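2 protein chains.
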Amino acid sequence: MTEALPLASNPNQIWIYDTTLRDGTQREGLSVSLEDKLRIARQLDQLGVPFIEGGWPGANPRDVQFFWQLKEEPLKQAEVVAFCSTRRPHVSAAEDSLLQAILAAGTRWVTIFGKSWDLHVTEGLKCSLEENLEMIRDTVAYLRSQGRRVIYDAEHWFDGYQHNRDYALKTLAAAIASGAEWLVLCDTNGGTLPHEVSSIVRNVALFIQKFPTPHTPHPTPLLGIHTHNDSDTAVANAIAAVMEGAKMVQGTINGYGERCGNANLCSLIPNLQLKLGYQCLADAQLPQITEVSRFVSEVVNLAPDEHAPFVGRSAFAHKGGIHVSAVERNPLTYEHIQPEQIGNRRRIVISDQAGISNVVAKARTFGIELDKHNPTARQILQRLKELESEGYQFEAAEASFDLLMREALGKRQHFFEIKGFQVHCDLVEGRTNTNALATVKLTVNGQDILEAAEGNGPVAALDRALRKALVNFYPQIAQFELSDYKVRILDGHSGTAAKTRVLVESKNGHQRWTTVGVSPNILEASYQAVVEGLEYGLMLHMMAETVLSTSS
Amino acid sequence: MTEALPLASNPNQIWIYDTTLRDGTQREGLSVSLEDKLRIARQLDQLGVPFIEGGWPGANPRDVQFFWQLKEEPLKQAEVVAFCSTRRPHVSAAEDSLLQAILAAGTRWVTIFGKSWDLHVTEGLKCSLEENLEMIRDTVAYLRSQGRRVIYDAEHWFDGYQHNRDYALKTLAAAIASGAEWLVLCDTNGGTLPHEVSSIVRNVALFIQKFPTPHTPHPTPLLGIHTHNDSDTAVANAIAAVMEGAKMVQGTINGYGERCGNANLCSLIPNLQLKLGYQCLADAQLPQITEVSRFVSEVVNLAPDEHAPFVGRSAFAHKGGIHVSAVERNPLTYEHIQPEQIGNRRRIVISDQAGISNVVAKARTFGIELDKHNPTARQILQRLKELESEGYQFEAAEASFDLLMREALGKRQHFFEIKGFQVHCDLVEGRTNTNALATVKLTVNGQDILEAAEGNGPVAALDRALRKALVNFYPQIAQFELSDYKVRILDGHSGTAAKTRVLVESKNGHQRWTTVGVSPNILEASYQAVVEGLEYGLMLHMMAETVLSTSS
Numbered sequence: 001m002t003e004a005l006p007l008a009s010n011p012n013q014i015w016i017y018d019t020t021l022r023d024g025t026q027r028e029g030l031s032v033s034l035e036d037k038l039r040i041a042r043q044l045d046q047l048g049v050p051f052i053e054g055g056w057p058g059a060n061p062r063d064v065q066f067f068w069q070l071k072e073e074p075l076k077q078a079e080v081v082a083f084c085s086t087r088r089p090h091v092s093a094a095e096d097s098l099l100q101a102i103l104a105a106g107t108r109w110v111t112i113f114g115k116s117w118d119l120h121v122t123e124g125l126k127c128s129l130e131e132n133l134e135m136i137r138d139t140v141a142y143l144r145s146q147g148r149r150v151i152y153d154a155e156h157w158f159d160g161y162q163h164n165r166d167y168a169l170k171t172l173a174a175a176i177a178s179g180a181e182w183l184v185l186c187d188t189n190g191g192t193l194p195h196e197v198s199s200i201v202r203n204v205a206l207f208i209q210k211f212p213t214p215h216t217p218h219p220t221p222l223l224g225i226h227t228h229n230d231s232d233t234a235v236a237n238a239i240a241a242v243m244e245g246a247k248m249v250q251g252t253i254n255g256y257g258e259r260c261g262n263a264n265l266c267s268l269i270p271n272l273q274l275k276l277g278y279q280c281l282a283d284a285q286l287p288q289i290t291e292v293s294r295f296v297s298e299v300v301n302l303a304p305d306e307h308a309p310f311v312g313r314s315a316f317a318h319k320g321g322i323h324v325s326a327v328e329r330n331p332l333t334y335e336h337i338q339p340e341q342i343g344n345r346r347r348i349v350i351s352d353q354a355g356i357s358n359v360v361a362k363a364r365t366f367g368i369e370l371d372k373h374n375p376t377a378r379q380i381l382q383r384l385k386e387l388e389s390e391g392y393q394f395e396a397a398e399a400s401f402d403l404l405m406r407e408a409l410g411k412r413q414h415f416f417e418i419k420g421f422q423v424h425c426d427l428v429e430g431r432t433n434t435n436a437l438a439t440v441k442l443t444v445n446g447q448d449i450l451e452a453a454e455g456n457g458p459v460a461a462l463d464r465a466l467r468k469a470l471v472n473f474y475p476q477i478a479q480f481e482l483s484d485y486k487v488r489i490l491d492g493h494s495g496t497a498a499k500t501r502v503l504v505e506s507k508n509g510h511q512r513w514t515t516v517g518v519s520p521n522i523l524e525a526s527y528q529a530v531v532e533g534l535e536y537g538l539m540l541h542m543m544a545e546t547v548l549s550t551s552s
Numbered sequence: 001m002t003e004a005l006p007l008a009s010n011p012n013q014i015w016i017y018d019t020t021l022r023d024g025t026q027r028e029g030l031s032v033s034l035e036d037k038l039r040i041a042r043q044l045d046q047l048g049v050p051f052i053e054g055g056w057p058g059a060n061p062r063d064v065q066f067f068w069q070l071k072e073e074p075l076k077q078a079e080v081v082a083f084c085s086t087r088r089p090h091v092s093a094a095e096d097s098l099l100q101a102i103l104a105a106g107t108r109w110v111t112i113f114g115k116s117w118d119l120h121v122t123e124g125l126k127c128s129l130e131e132n133l134e135m136i137r138d139t140v141a142y143l144r145s146q147g148r149r150v151i152y153d154a155e156h157w158f159d160g161y162q163h164n165r166d167y168a169l170k171t172l173a174a175a176i177a178s179g180a181e182w183l184v185l186c187d188t189n190g191g192t193l194p195h196e197v198s199s200i201v202r203n204v205a206l207f208i209q210k211f212p213t214p215h216t217p218h219p220t221p222l223l224g225i226h227t228h229n230d231s232d233t234a235v236a237n238a239i240a241a242v243m244e245g246a247k248m249v250q251g252t253i254n255g256y257g258e259r260c261g262n263a264n265l266c267s268l269i270p271n272l273q274l275k276l277g278y279q280c281l282a283d284a285q286l287p288q289i290t291e292v293s294r295f296v297s298e299v300v301n302l303a304p305d306e307h308a309p310f311v312g313r314s315a316f317a318h319k320g321g322i323h324v325s326a327v328e329r330n331p332l333t334y335e336h337i338q339p340e341q342i343g344n345r346r347r348i349v350i351s352d353q354a355g356i357s358n359v360v361a362k363a364r365t366f367g368i369e370l371d372k373h374n375p376t377a378r379q380i381l382q383r384l385k386e387l388e389s390e391g392y393q394f395e396a397a398e399a400s401f402d403l404l405m406r407e408a409l410g411k412r413q414h415f416f417e418i419k420g421f422q423v424h425c426d427l428v429e430g431r432t433n434t435n436a437l438a439t440v441k442l443t444v445n446g447q448d449i450l451e452a453a454e455g456n457g458p459v460a461a462l463d464r465a466l467r468k469a470l471v472n473f474y475p476q477i478a479q480f481e482l483s484d485y486k487v488r489i490l491d492g493h494s495g496t497a498a499k500t501r502v503l504v505e506s507k508n509g510h511q512r513w514t515t516v517g518v519s520p521n522i523l524e525a526s527y528q529a530v531v532e533g534l535e536y537g538l539m540l541h542m543m544a545e546t547v548l549s550t551s552s
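Chains as they are written, first to last, in the UniProt record's numbering: chain A, 1 to 552; chain B, 1 to 552.
Rather than coming from a laboratory, the hints here were simulated on the basis of the structure.
Every clue listed holds true.
Copies of the same chain look alike in the list, so a pair counts if it works inside one copy or between any two.
Below, a list of computed lysine to aspartate or glutamate pairs in the DMTMM-like style, where the Cα atoms sit at most 25 Å apart: (1) K468 / E429; (2) K275 / D118; (3) K419 / E429; (4) K385 / E28; (5) K499 / E429; (6) K210 / E196; (7) K76 / D36; (8) K385 / E35; (9) K499 / D484; (10) K372 / E123; (11) K486 / E388; (12) K275 / E244; (13) K362 / E298; (14) K275 / D166; (15) K362 / E291; (16) K486 / E35; (17) K385 / D36; (18) K411 / E429.
Since we're looking at a predicted model, the values are computed, not measured.
One chain only, chain A, in its complex shape (with noise of 0.2 Å):
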């Protein structure tokens, strides 16, 4: 998308700002690394979320990272966005370190907050009501100056507006004078209801058709909304708002957020796409949502909420009887839409059609083509139905599920056989890190290796022992590394009894890959993903090989 700008598209177009990487990350427990922040932008890229925010490099050095990784590696069409406050008081704005942060992220588009709410002013930036205002001329007029363009969010608007409507707008009118394209009307506090919201950007909308936008490319400035769920009514609030002519919509997926969370753009999208008309990702990409639900859920390691309106597990679960009959004779009468628009699907407590074309789609994704009424197919089911009561999961882990329907075609090739390993780790008080050290048992080309190695953690001692067995034959291993590892607890309430599902993510010099291990221990899990991380990138190595030998 070369300028992110509505004109250009039907007037139904909605605007879709994802900030699930900036205020998603607020969420209490959520912690990401620089890579997952990379890895879910490229996967909401490819959704095809036109902004994505991804972080305030002035309070968080490390976003800064995150832009520059995307500079030398730069997203097909989302436009990401820096997020940042207005200057200091009784700074330029030039000479703000937290404005130059922004600069130097080096994206097209920045996002600047800037108070609404006249007590927030005094209270606390503890300023004048009139220095707020130049701080958010000072701002947007130099970020412009600088070749930004600028969208505003208006922080505390709905509460400002009911105790100082005047100034509220005037502080609207303030950032559009400077140039800012869009001007977002954020529910800070969340405790907004949707009759409120309606009537505020109505009157707000009929405001800002009297100013001309000077330094842009619109005729009027355009409306945003941006809600948090504090009263229940995040995403209720964010439709009524695109319902009076706010044209972009800010949340998060699974409304990840600070206190209760934003609002939630699985949600948000599919009302506003399937029941309102309006158009907020291609219709070919709408199908993604429910994975991509979920893959956000593994990379930040939370359990999936399985009663998530449109992309949980349970929204489309039908229990036996008429019902069943009923909605299979027609779907129409028990479910609001189709499941399938949105890529998540029905689940009936008997042996299920939708699963079969499941598997046919994913087979398709790695290039194995697999017929609907192969009985292959529906081992391949079968297995995928026991391994997940067993509490693997797939999602994340799409290098398993292709060894395992290589498996179920005969098509897996094995390049070791895993005899067992041992594990042994102790501590004594006082020695600063402890010792783990792994013994593994394999057996190549039908020769027995036993091979021993430590390492700081049973894991890393496990995972080095595999190499130093298996490097001599297969001497590709030293361009392998293990570049995440996830777990997840299952059923926390059995506590340390509990299963344990590891996620390996392994990556060669171009790929990435990642395989998954179910154990009630942790080790063992970690064994089983570690494993078929190798075999998995040997086999990458063997087809890319088998290409250019043919290719040659």
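Once you've looked at the hints, dock chain B against the given chain A.
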């Protein structure tokens, strides 16, 4: 409450109808015993909910027990309601076994649901549209003749109204004419959006004005609303209906219900009562709602949603220094309501954005008075930042933070001293479950203890060994239990060599607390967290003892 009628009360009275025990139990994975249902009913009665739907005696014979139990030991003020469908096609009401079952429940009020949507009559019931009207008339009239007061749930109302308005309205007319006192409009599939609810309820309110209500004490029929959350707007939909004149709101505690759940009463009641001036509960009872929410989640054994609006643990959590000092100066600036109004509390989250004011505020929540200028406060902040840079996270590990503060203040009691541990795991391929053996070394009261235990995983083995070692000195440890265990790998970059952060939640009979451990070795991190969990539990026990002894 002798007469469950709004007439007597003020015009802003809204009648809460709780269906947690019927619709709520439709939630996938939720099951309740008869005893659970009785406990929940009594809790709702105490909260002041006027109508409590107890179950469907016809469909679940066990529900009859529930009603009989309540006959022997009646609720204080709530009306307990039995639920049932209209009679079957082509059978007289008097001969329908389902209706005999609802009469057997012996309640004063009954709720009857009937079909509003022609499609469901022809496709579901497979009878004529006229027969369905007759089923409604006959059923309601029969129950009235048996001395029951009738609430009529118009199933699939909104879909029915949009597909065949005339017929849908005929079904309501039939219910009114035969003596139903309440007409509850149900969005059974949960697909309706707030603006649609508003306009439809407005039209229905006008429509029913024309009808006399011969057999009831009301001049006109009364409207109610029953919404589901499939569009993520259940709460907004119910509010929209109330604003158009609905006087009854049906919903569930915590929004439990089929698929994506029902309208969440824990959000609806505060919105209606604190923001819109309606009366749902006595003002004195509203602060019980947070406790009721948690009580119900405990009874049905589902982890409470920490991010739930109003009642969630994170609903009033604040991060970041400036923010915190602002909220303490003037809560209005960052909170949409006062948490105390609904029995929740403000929480200051300890995070790497922490400032000195967070530490002081946090200390206060643990009953530790700390002066902002006390050098210890700065030491704690310093230590906090060191630990956070090492990967510790105290947001979700308040027990560890409490121990850290007591340490700094020289108030931490050491119940034992850890000397070291050893763990041995071995997996032999083919053997089903791996064995883990743990050995721990401790000093308690100057006595060296060496103890060993096995487990189906290394952490379980460590936990068991520690308890064996300590239980003779601290028998209360027998009541402690590990209730949750979370693992996060920090900085995915370095894969298995990366640091591991473990969060352990422990509980005794009545409290839960969370501790944290960090190490490159996942077993050491787990060990740290488990050890602090035991230590904190012992501290809580000791403090309770002290209170008892001093108070006696």
